[in-house]
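There are 2 protein chains.
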Amino acid sequence: MTTGRQLISTLTADGQLTLELEEKDFPDPTGNQVLVKMEAAPINPSDLILMTTGVDLANADYSPGKVVAKVAPPLVAAQAGRHGKPQTVGNEGAGVVVAAGDGEMAQALMGQRVACVPGNAYSEYALADAMMCIPLGDHTCEEGASSFVNPMTSLGFVETAKREGNEAIIHAAAASNLGQMLNRICQEDDMGLVNVVRKKEQADLLKGQGAAHVVNSSDEDFEAQLVKAIADTGAFLGFDPIGGGRMTDTCLRSMERVAAAKLTEYSRYGSDQPKKMYIYGRLDMSPTILTPSYGFGWTVSGWLLMPFLNSCDMPTLIGMRQRVVSGLKTTFASSYKSRVSLEEMLTKDAMMDYAQMATGEKYLVTP
Amino acid sequence: MTTGRQLISTLTADGQLTLELEEKDFPDPTGNQVLVKMEAAPINPSDLILMTTGVDLANADYSPGKVVAKVAPPLVAAQAGRHGKPQTVGNEGAGVVVAAGDGEMAQALMGQRVACVPGNAYSEYALADAMMCIPLGDHTCEEGASSFVNPMTSLGFVETAKREGNEAIIHAAAASNLGQMLNRICQEDDMGLVNVVRKKEQADLLKGQGAAHVVNSSDEDFEAQLVKAIADTGAFLGFDPIGGGRMTDTCLRSMERVAAAKLTEYSRYGSDQPKKMYIYGRLDMSPTILTPSYGFGWTVSGWLLMPFLNSCDMPTLIGMRQRVVSGLKTTFASSYKSRVSLEEMLTKDAMMDYAQMATGEKYLVTP
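Keeping their order, the protein sequence lines are chains A and B. If you read the first sequence in the UniProt record's numbering, its first letter stands for residue 1, the second for the next number, and so on. If you read the second sequence in the UniProt record's numbering, its first letter stands for residue 1, the second for the next number, and so on.
In isolation and in its complexed conformation, chain A is listed as follows (with noise of 0.2 Å):
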């Protein structure tokens, strides 16, 4: 038996969010589970789900390593599945194994730095089943912190668009971490991109990466740039972390505005060429807003790591998983903003600035 802290988060019917370092007796590891030693777990927007989203940073509660504060009741009402249910935080990291079952999986990882995916990896000790942990090897815990959810995540939006059959994608908050790998990867793949940022130095990030096709919201011509692009590369597949607004909406049409500039004759249900945005994440909570101007031949659906990777042959799986820990320090190479330990995560200061989801400033926590 271990003792350690780790976050829990409790969201209670009226409203009230409790965020709080509690010490837990982690139990020997078992056949293959791993008893890990957390060293670094970064702060996805995934995990700010449980953390910040809808909560009011600004007039919580705060006192070393606990947290009180109240969540907007329409989110509230959302999250009624976890009423009064203490919940772990943190998708993903990486540690050493102290502790090993008898299993010979688990047994082989002894000792050795491990990346893992938990979802406790706020915390001290972490669990792990040993055939979801990645040796490390040479690389540190920190480069290995972030080796599942962008790496995946990215590798599966190629994935995906291969198996869908496109030669080409757009993607939306393209400067973060994650578009950053997927910049890469399209490269490596002979996959055409289209990187849409909202500021002039992520889009000079992105170029000074070797992108070819970034386009920048703020500008005035924005819709005339990203037409543009699809026309390039052939681009009628997107995906779009934003979600709320407008940022669907907009690539959705201007694909329809490519196609129907190459139609000869009028038709009054728009183009036949496919259409489909798939939204990955929620940055901006407010609703997607779907405009009707671009005909019937159009898909917007929801993206999931977990759904993906369940849909994925063992092979494919097996593959993805070498390239990225082959790739930790080129490829998939995350960069961190700060570094917090399991206190100063939870200060006002850190989660007011974290929880803005700002690109390219992401935190590692360092338990």
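Since the hints were made in silico from the structure, they are not lab data. Incorrect hints may appear among the rest.
Copies of the same chain are indistinguishable here, so a pair counts whether it falls within one copy or spans any two.
[Said to hold, decoys possible] Below 25 Å or equal to it, Euclidean Cα-Cα: the simulated SDA-like pairs (lysine to any residue) are:
(1) K337 with L57
(2) K262 with P73
(3) K162 with F308
(4) K85 with D272
(5) K70 with A260
(6) K162 with W303
(7) K207 with P27
Computed from a predicted model, the values in this text were never measured in an experiment.
Since chain A is already given, all that's left is putting chain B on it; use the hints.
For chain B alone, kept in the frame of chain A given last:
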């Protein structure tokens, strides 16, 4: 050569719409073409795109056989492909074959009543492909006028649902002619159906036709009714002809509530249950609003008849067509509120009325 009047719709780039009956010479049919003397043609919502959508009918200039009106700027822009290009109007109808090409199929139809899909059904005559004509036998032209769009669309919904592995579907605006057909088909095929209507009379109408599940969107407990009907039927696929506003959103959220109630463990990403809505019309031209309240396991997609038919193999198509002909007086019967001549369909009273696309108040044009 035969001469007759047909309706022409012309939109200019500066937003002026002209609907006018024009004298036209119809050439003698060749090969497997037939010339049909049109006797009855329905005004479907899909026809109104070229006639009333976004059109200022209240302030239009009406003269016998001619209407000149202004179109709202966003809809002028959305139809750039037809600026200055005269369009014929009227997808489908029925009439008598008065001339035939020398092809065998065409000759066999000579003198017969047929249903056809000429694209210029609001006309005294129409040239049609014999292969696309349905011989009506003992049926009148009025009985056969709507034997393509609504029957094939409602059969297409059930075929789509089966193909995607569903046992039940939701249908919005369910008291329409199309909705009543769908209600009959679903009962024949043992496919679960949740009918969504907005008036008590419409609910009573469908219940009188054997519908097991009818929910009224005007009731205060609409969402609770919908959730219960989804739970009872297992309908996680829906078809929405409204398009704009929140109907599709409400259906997806209700599906998720049913799926979430079965979860044993909380998931921040929502349930694994795939939820899908097809938008097949735009009775409401305002934007579709999608709120972030049903995770990421959802899809919203356009649905159109012609791409669907193109996706079917020949035996399926022939089977659907035979089913329609044998059920023209029963399953696929249509009803009409008013009958108008070509001149009458261009009067202010008629246009202001059918432009509303009120449920169950369809017009029939009798050239």
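Tell me, which hint numbers fail for this structure?
7
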